[in-house]
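Whenever a hint applies, use it, and build me the whole structure from the sequences.
Protein chains: 2
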Amino acid sequence: MNFCSDCGKPVSLAVPPDDNRLRHVCSHCGTVHYQNPKLVVGSIPLWVGEGRPQLLLCRRAIEPRRGYWTLPAGFMENEETTEEAAQRETIEEAGARIALQGLFTMLNVPHVHQVHLFYRAELLDLSFAAGTESLEVKLFSESEIPWDEIAFPTVSQTLQLFFSDLNAQREGRPFGFHCMDIRRRLPGERSD
Amino acid sequence: MNFCSDCGKPVSLAVPPDDNRLRHVCSHCGTVHYQNPKLVVGSIPLWVGEGRPQLLLCRRAIEPRRGYWTLPAGFMENEETTEEAAQRETIEEAGARIALQGLFTMLNVPHVHQVHLFYRAELLDLSFAAGTESLEVKLFSESEIPWDEIAFPTVSQTLQLFFSDLNAQREGRPFGFHCMDIRRRLPGERSD
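Here the protein sequences line up with chains A and B, keeping their order.
Numbering of the first sequence is given in the numbering used here, commencing with residue 9 and proceeding in unit increments.
Numbering of the second sequence is given in the numbering used here, commencing with residue 9 and proceeding in unit increments.
Honestly, the hints are just simulated from the structure, not real lab data.
You may find that some hints are simply not true.
Intra- or inter-copy, both count: the list cannot distinguish identical chains.
[To be verified] Computed list of lysine to aspartate or glutamate pairs in EDC-like fashion (alpha-carbon distance at most 20 Å, straight line):
{"#": "1", "residue 1": "K146", "residue 2": "D14"}
{"#": "2", "residue 1": "K146", "residue 2": "E157"}
{"#": "3", "residue 1": "K46", "residue 2": "E85"}
{"#": "4", "residue 1": "K46", "residue 2": "E87"}
{"#": "5", "residue 1": "K46", "residue 2": "E88"}
{"#": "6", "residue 1": "K46", "residue 2": "E197"}
{"#": "7", "residue 1": "K17", "residue 2": "E179"}
{"#": "8", "residue 1": "K146", "residue 2": "E88"}
{"#": "9", "residue 1": "K46", "residue 2": "E92"}
{"#": "10", "residue 1": "K46", "residue 2": "E91"}
{"#": "11", "residue 1": "K46", "residue 2": "E71"}
Okay, here's the thing in structure tokens:
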């Protein structure tokens with residue numbers, strides 16, 4: 009941030025009164041421009057069908073991590089709820105209709121200023137199709153998951169926890185809700 | 009937002025290519041300035057002691073809702089996790105040392121572009137004291153909660169759910185994790 013989005017004059021870094029952090033403060037109008045973490049929200053679309061349970065993954069058509077596989081997810085927008093964001097992203101990236109179930113994971117990624125949320129979901133039919141941000145969209149059973157080609161650690165972690173809970177569920181245990189912090193950096197990921 | 013924070017030139021509202029929402033776009037350098045919901049994170053500090061269970065509330069010294077009671081909470085900062093944010097806000101607003109327990113509520117407030125998280129917490133000692141953003145800090149048993157003077161609907165909702173689960177816990181049921189959407193507006197609250 010170089011300029012004040014209110015008045016257009018230069019900003020500088022300063023600790024405002026009654027604060028203890030460096031903020032971008034306008035040298036002209038005095039506005040303090042706070043920067044806060046963003047929510048990334050997605051779904052874990054499960055198809056049971058007749059065979060083994062399968063999850064719907066998207067291969068990314070955009071950077072970062074173009075060509076890698078991910079769960080449908082993206083930045084939450086103003087005016088929507090987390091559930092609405094999960095459904096919207098699943099439609100936009102995978103063209104998939106889902107019925108949302110409970111929140112499954114909340115993963116802090118403090119070094120990139122993000123919190124990721126993933127909801128369990130039932131895939132309602134097989135008429136999915138890659139959206140503009142996906143190269144392809146495909147169902148994977150547990151043994152088919154391309155673990156070495158998963159785009160983000162929050163997605164790998166969510167997939168591992170999901171299959172673990174899915175197997176435990178067969179023994180009568182309910183799905184959990186899992187909170188974790190992810191501090192591992194991806195190749196080339198900024199270190200601020 | 010009137011000016012580009014990158015180059016200082018005016019921004020205008022436009023739908024970028026491959027997007028479907030109005031964004032602030034710089035007329036000069038083309039930067040798209042996305043705006044996303046913020047996380048507000050806090051704690052529910054419980055003191056059991058010898059008598060009835062009590063919760064620690066803060067009376068707000070700042071707008072909005074100056075003079076009303078709230079749980080210690082505030083905007084999550086970059087570089088921290090949700091748990092770190094809950095502990096920091098509890099220290100800053102209530103001078104209170106806590107041991108965090110599980111996440112208890114996640115409340116969407118879409119019309120103000122916020123998601124609120126509250127963690128259950130054990131208050132570790134009675135040496136709390138109002139911070140600069142609080143007029144006073146005080147323990148309340150369930151029957152003493154000033155329900156008509158609670159600052160925000162997310163706090164009223166969290167308190168109601170907490171006492172409900174606390175009473176259920178005495179009958180052997182565990183605390184839950186509750187997700188809700190709050191669409192009720194406060195007096196004077198913007199309606200964008």
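Unmet hints by their number, sorted upward, for this structure:
1, 7 and 8
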